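**Q** The chain contents come next:
4 protein chains.
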Amino acid sequence: MCGIFGVQGVPGAASIVHLGLYSLQHRGQESAGIVAIDDDGTARVARKMGLVSDGFDGATVGSLDGSLAIGHTRYSTAGSSTIDNAQPVLVRFRGGHIALAHNGNLTNATELRHELENEGSIFSSTMDSEVLVHRLAKSSAEAPATKLAEALQGVEGAYSLLVVIGNTLLATRDPRGWRPLVIGRTPDGAYVAASETCALDIVSASVVREVEPGEIVAFDGTGIRSLKPLDRKESRRCVFEYVYFSRPDSRVFGGSVDRARRALGRRLATECPAPSAELVFSVPDSSNSAALGFAEQSGLPLELALIRNHYVGRTFIQPTQAGRDAKVKVKYNAVREVLDGKSVVMVDDSIVRGTTTRGLVAMVRAAGAREVHMRVSSAPITGPCYYGIDTPNREELIAANMTTEQIAVHIGVDSLGYLSLDGMLESVPDGPRGFCHACFSGDYPTPPPTDPDKLRFGCGC
Amino acid sequence: MCGIFGVQGVPGAASIVHLGLYSLQHRGQESAGIVAIDDDGTARVARKMGLVSDGFDGATVGSLDGSLAIGHTRYSTAGSSTIDNAQPVLVRFRGGHIALAHNGNLTNATELRHELENEGSIFSSTMDSEVLVHRLAKSSAEAPATKLAEALQGVEGAYSLLVVIGNTLLATRDPRGWRPLVIGRTPDGAYVAASETCALDIVSASVVREVEPGEIVAFDGTGIRSLKPLDRKESRRCVFEYVYFSRPDSRVFGGSVDRARRALGRRLATECPAPSAELVFSVPDSSNSAALGFAEQSGLPLELALIRNHYVGRTFIQPTQAGRDAKVKVKYNAVREVLDGKSVVMVDDSIVRGTTTRGLVAMVRAAGAREVHMRVSSAPITGPCYYGIDTPNREELIAANMTTEQIAVHIGVDSLGYLSLDGMLESVPDGPRGFCHACFSGDYPTPPPTDPDKLRFGCGC
Amino acid sequence: MCGIFGVQGVPGAASIVHLGLYSLQHRGQESAGIVAIDDDGTARVARKMGLVSDGFDGATVGSLDGSLAIGHTRYSTAGSSTIDNAQPVLVRFRGGHIALAHNGNLTNATELRHELENEGSIFSSTMDSEVLVHRLAKSSAEAPATKLAEALQGVEGAYSLLVVIGNTLLATRDPRGWRPLVIGRTPDGAYVAASETCALDIVSASVVREVEPGEIVAFDGTGIRSLKPLDRKESRRCVFEYVYFSRPDSRVFGGSVDRARRALGRRLATECPAPSAELVFSVPDSSNSAALGFAEQSGLPLELALIRNHYVGRTFIQPTQAGRDAKVKVKYNAVREVLDGKSVVMVDDSIVRGTTTRGLVAMVRAAGAREVHMRVSSAPITGPCYYGIDTPNREELIAANMTTEQIAVHIGVDSLGYLSLDGMLESVPDGPRGFCHACFSGDYPTPPPTDPDKLRFGCGC
Amino acid sequence: MCGIFGVQGVPGAASIVHLGLYSLQHRGQESAGIVAIDDDGTARVARKMGLVSDGFDGATVGSLDGSLAIGHTRYSTAGSSTIDNAQPVLVRFRGGHIALAHNGNLTNATELRHELENEGSIFSSTMDSEVLVHRLAKSSAEAPATKLAEALQGVEGAYSLLVVIGNTLLATRDPRGWRPLVIGRTPDGAYVAASETCALDIVSASVVREVEPGEIVAFDGTGIRSLKPLDRKESRRCVFEYVYFSRPDSRVFGGSVDRARRALGRRLATECPAPSAELVFSVPDSSNSAALGFAEQSGLPLELALIRNHYVGRTFIQPTQAGRDAKVKVKYNAVREVLDGKSVVMVDDSIVRGTTTRGLVAMVRAAGAREVHMRVSSAPITGPCYYGIDTPNREELIAANMTTEQIAVHIGVDSLGYLSLDGMLESVPDGPRGFCHACFSGDYPTPPPTDPDKLRFGCGC
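Protein chains in written order, with the working numbering: chain B, 5 to 465; chain Y, 5 to 465; chain R, 5 to 465; chain W, 5 to 465.
Rather than coming from a laboratory, the hints here were simulated on the basis of the structure.
Be careful, since some hints might not be right.
Said to hold, decoys possible - Pairs of lysine to aspartate or glutamate residues, derived as EDC-like cross-links and limited to a Cα-Cα distance of at most 16 Å, are as follows:
no., chain 1, residue 1, chain 2, residue 2
1, W, 142, B, 121
2, B, 142, W, 219
3, B, 346, B, 418
4, Y, 142, R, 123
5, R, 142, Y, 123
6, R, 142, Y, 121
7, W, 142, W, 121
8, B, 232, B, 154
9, W, 335, R, 289
10, Y, 142, R, 121
11, R, 232, R, 219
12, R, 346, R, 418
13, Y, 232, Y, 216
14, R, 52, Y, 88
These numbers come from a predicted model, not from an experiment.
Turn these sequences into a full structure, and let the hints guide you.
**A** Here it is, written out as structure tokens:
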């Protein structure tokens, strides 16, 4: 889970990237970085742990001169949380510099790395992205886009990439198009590429079009050029971007996230109604749109029954005195006036381990709810993601280990309804075909990585 | 604007306070502090700038031994943003130690300070709260509660206070009861006092009752004792706590904030309908409840048209390239799919300077809204608050300088409707009487401070 | 142990103070602070833990406007190492502001504090200096100098003080003159006051004269004015300033520290010769001058047998693997080429606990020294100092608990010779009368404090 | 200019390295780092900017498990002062990990880098050391020592290296032996390798022997094994290690630094006497030994005329008010009592730009010196060093641009005498042959690097 953002064609590009990264902060809060190329071709980098707002002051961003810049926000599991793994990567090679920002996961990274190691290559990080940089440096192609095309031959898995070679910005998506990447243009004519359109909005850029799966787009000051060097494959856009990951004010894969979630909520109300319920509420904020859709379809009134505390940092450590559910309590609180004596529908977008859900249900009951009907606007998650979403191992996934009935008992609800796989895929824009639903269905479009655990701790995103 | 929290009667009290402060973070993000008294009567203090989650690690809180502790979160204008003004205050005096946490503003602090200075007292901070500490130390009374009673004679203005003298925790509210303060009890029998009930919820405490205006409540391990030493005055609870300041999951002044805001929203729809509108949305998050009330009453569908980015820190500095509205854009984004081509009602709880509102309206229009009807769930703010809310000077208050029509033009809306003063007061729990509405009506319950500007930059809250 | 520095009469005074504090860093490395008064009478303060070079950047110092400023470097035992105890103290009182920087210890601070507490005063720190500020604020005198005169009546013990009241800088020494304080003048005519002349040198100031014991000197832009309001007492300059504490390039009490130490070394060679020795060396750097004196007098060649590592910070924590003497080894190393096979004289200025000395002797023997003759350029320390030097309790002072012979065995030397009390006092400039030698002789000029331990952890220096 | 230290064969090796780095701090204060290999073969690294004492806490060092570790202290010019250039380097390759710590400079790094780049290698830093890591990874040899031997073929310039491959520690010096490297053994039998013997002393290790020029020594738990795979070349030990760079308590190249400096001082007194002078003093601390030698030979008394302030950090920024020589004044002060009215000899080990010397002479004159005779215990520096000492460009070297007479006038002395090249080389242990004196004589043992400036800002040391 990462966000990427690039700008080509306007002085102070790093400052535009800085602003764009604010809008991609939800895609990764562990580290952030910016690389800028000045007019003399000098590349400068700033990378920091933590949030964009904590990490960069005006002086730092101001020192990153030039009209070409890319940036990255990174999420990662604790194990590999280190500045060495922060992106963008910046290296020197025979052709000058290469900078790279990656969203996704390569499924044959281990094999590619072994190949490179056998040729004597060295690796400074545990990121799969580093193999891409080596392959770029080794390519004998002249033009940056061709170099990237050559480097990507044989690379499997998910990648939306921003690459800078010399003065050229390259944007590409893997042939299955797992992760989004969109091109925009600012009022002063600079080109922008970003994971989501919300990052175009913040810099007042208008949407030009998506980078297509398998396409390499080059921006070098003379306009957009497109290359499609990779074998076409069946589209596998990540349905979870619509369900949970992207921001509701974004368009991804050409569709509106808000509209997608509204449709998921409406479908959920159709598939799993809750006839005895008196009201519906969301687990804020990611489920707000789905809950609204459920309310619309069901005719039940929408209520604000859970309040989220946004001031909780990543570092919260549960005090021992605070009881089992302190972590949930620090993030959420229930509104007794809304819940007391009521039969309620609680809408969430997904259940992963079930721990938070269980805490929330207890909180909702403690606030007086008479009946709790849980409705989930996606299908049960039964497998890990190898393509860039940080889901845990199968052992920790509650739906991989319990039936829906067992889960209902475990989390303490009166009824539990998941959206069906078909319902989910039929609700999202341009569905039901062309989506990756491996974590729901087990239908993995690639062979699983040979060492999934290493990958999980060593991935670029 | 501050939050206060105290615990008496359980080992590791500081850890309970720490947790409680998370829930009062919305009342102040500038600094946070905890004072704890251990069983040998030793007082320890930790105060930090910034958020609770940034400021305190487990080791710091763990080092604050004892079964009695109080804490404070502080908001302040930039001018007096310094660790010297962080609370709780902790001093030594002839009777041992005094610790004090204050929410509110004293309106005769300058006079009281001059009195003390004339007797030779020295002041280390610019907080009005410091005069209370001096008066406590000078009191010749024996019992802590009597000492506090004596110290409060002649003190004017707003104060909800937690005071520790020796092993006694004291909780008090000024005779007009401007700021809330509620007593709770944890499952293990410890007493808790907090600005809002949401902070009782997080520590699993149940509500016992409010501290009454003019009451001093003492907790010293032998139960609750109450003292009412101050002349009774007419109640002047702050209506803005219901309108904006408190959390919707809290009860303050005995009423539910969520219910209050819902009623304000319904009344707003009655007083200022928007017949041509097709949908209603809120400026998240503080206006969510009011927008829901408006939707209910008006029959218009509620939509999620503005998305708020919660990752923006306090330190955001607007990049020059980013245009006039970058600050608004970093915090909010509009959802085109919701707004495009629509006539919309935008509900906010208040308009202060109008700058943010103007930016939001521009953003909503840029996302395609055909007509924008702004509805405000409180009356126009025409004067500063001298009782603990950080409103700016009259010169900066837009409604003190423009008519509603002029404001509508300035912020760029098709129509603008404020809730009436009566409508506002009749909508809140236990209204319309007994509330302070000075900033709306100019009806100040006390003489204004002789040096309001100094007070504003030198206040305890 | 503290250093104080003040400037009156030149714009950018804080920057001059900043420079001066670098030269007083040896008097205190725990915290440093500067208070400046600008031309509008506004006082600003910056205080930091740690070294001057770590604590203050150009922007911080630059923000301390004005032509009047005082500064302080503070040493302290770990127990009271906190920013609350950093100086200068700055408070507001009826007459505006008072800023104060103190070097020394008040021996009746506890009594004075009780008096003040009984009148209702509050204390924010554990420093004895805080009683002075209260007494200043309570004085009804008009003129700053008279106010200080009044405040000092009845204050016992050691104090060299810099005080700012309004736009007046005051410099004073207690009537016994325990600690040094000297007046200088910069080339542009500003007045400077500092603990030692080395701090005048760094700002290119020439020496005007010492502040006399019991004198108050006022600088207010109209020249120097002098007041001698306190009863004269017999002079008790601290002989340890010459022996160890001041810098050798300073003059204190009107005498040269370098000359004093040279004379101490020569006298030591006369009193305690080492006939069998082949060379002499110092424990660097504080004993360099004394060792040179010893070499001169004895005719033995001076050698550099111990090398000191100046890069060791205050935070060194002894690794467990490193053996008993790691702390000594990190700071010092012996030069085998100098020591191997030789009979040597090791000169140090004093022995406190004996731990370091023991480690050094072991190191010198390990480097091949055949005989080690330890010579100490002061008398045995048999009692604590109540006047501003941080010597430990009697229990930890080796010479209070062992005879010289026992110490020699304990530290492992072939012979041990201390300078006699008379020899020491006769060697320093303007001796032998008028010095405090309480820690050597037990002849305390004042009654010991009623609670010496509290004082030790609660002192201003 | 760097220091390197390695340990093999004792649990907690990182803690031994940590201690050793304290003793090598004078060789580099910009950054410090430690790599440790635990018993499972996992490599861990900690690298920090700044001093060893600031950079590493007990927890950090404690987390670096294992009985094999290497460390590095680095000096660098401001241009390349970044954590990316801190050492040891740690990378993964087909054979596991490679860690490397380098003291010296490769003169054909640019050519070697181009070769590697042409094969597609990427570079993450600007250090010449990175080419060594690439060459190690590319070597097809099996055994670590053979791998290193292969990697070093064709590498020109100065390198003392510690390399870890798998569980083997390798220590090597280039065939000309520019930089020192010595092997020691701790009381518990672990092997240690360090730049200087002072770092053996601190860990109680005894000297085993030097690593010989062109030798690779392997430590793998089965004792020491030696390999001499490189063509023998004429010895070119850096004479400046004796003159200035090493610590006086160290032995380097088998000789005592203290003895070398004493001999340099004696020879200086013979070559350049100062018949009219009354005393001699050193510029502390690096010239102390030479001044003592001068005093011995000349019969003039040694005095302590300059006092050095060791509390000045690297960050001192000259206040504008402080005059031209503030930087010198913050570091040094003169003792008037020693200098006043005297004709003096000031001994320093070298003059680079002349700026500091000029300031010192002015200070000495201001303290009353009647005549100042400057004596320098090395020959004039007329060229840059390409082998690991950070001398500036020829344009900035005063002796490359002025005659001795001109320099005397420029720095303001009555006479100036440098030691002759022959005198210098005949004074150091095992001289006069086999030393590099290129910066004094222009006799560079290798072709100068093709891009000396890049090297200077991009070097490993």
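**Q** Run every hint past the structure and note whether it holds.
**A** Each hint tested on the structure:
1. W:142 x B:121: holds (9 Å)
2. B:142 x W:219: violated (34 Å)
3. B:346 x B:418: holds (13 Å)
4. Y:142 x R:123: holds (7 Å)
5. R:142 x Y:123: Within the cut-off at roughly 7 Å; holds.
6. R:142 x Y:121: Judged against 16 Å, a Cα distance of about 8 Å means the pair holds.
7. W:142 x W:121: holds (13 Å)
8. B:232 x B:154: holds (11 Å)
9. W:335 x R:289: Holds - the C-alpha atoms of residue 289 of chain R and residue 335 of chain W are around 15 Å apart, at most 16 Å.
10. Y:142 x R:121: holds (9 Å)
11. R:232 x R:219: holds (5 Å)
12. R:346 x R:418: Holds, at roughly 13 Å.
13. Y:232 x Y:216: holds (9 Å)
14. R:52 x Y:88: Since the Cα atoms of residue 52 of chain R and residue 88 of chain Y sit roughly 13 Å apart, the hinted pair holds (cutoff 16 Å).
In this structure, the one hint that does not hold is number 2.
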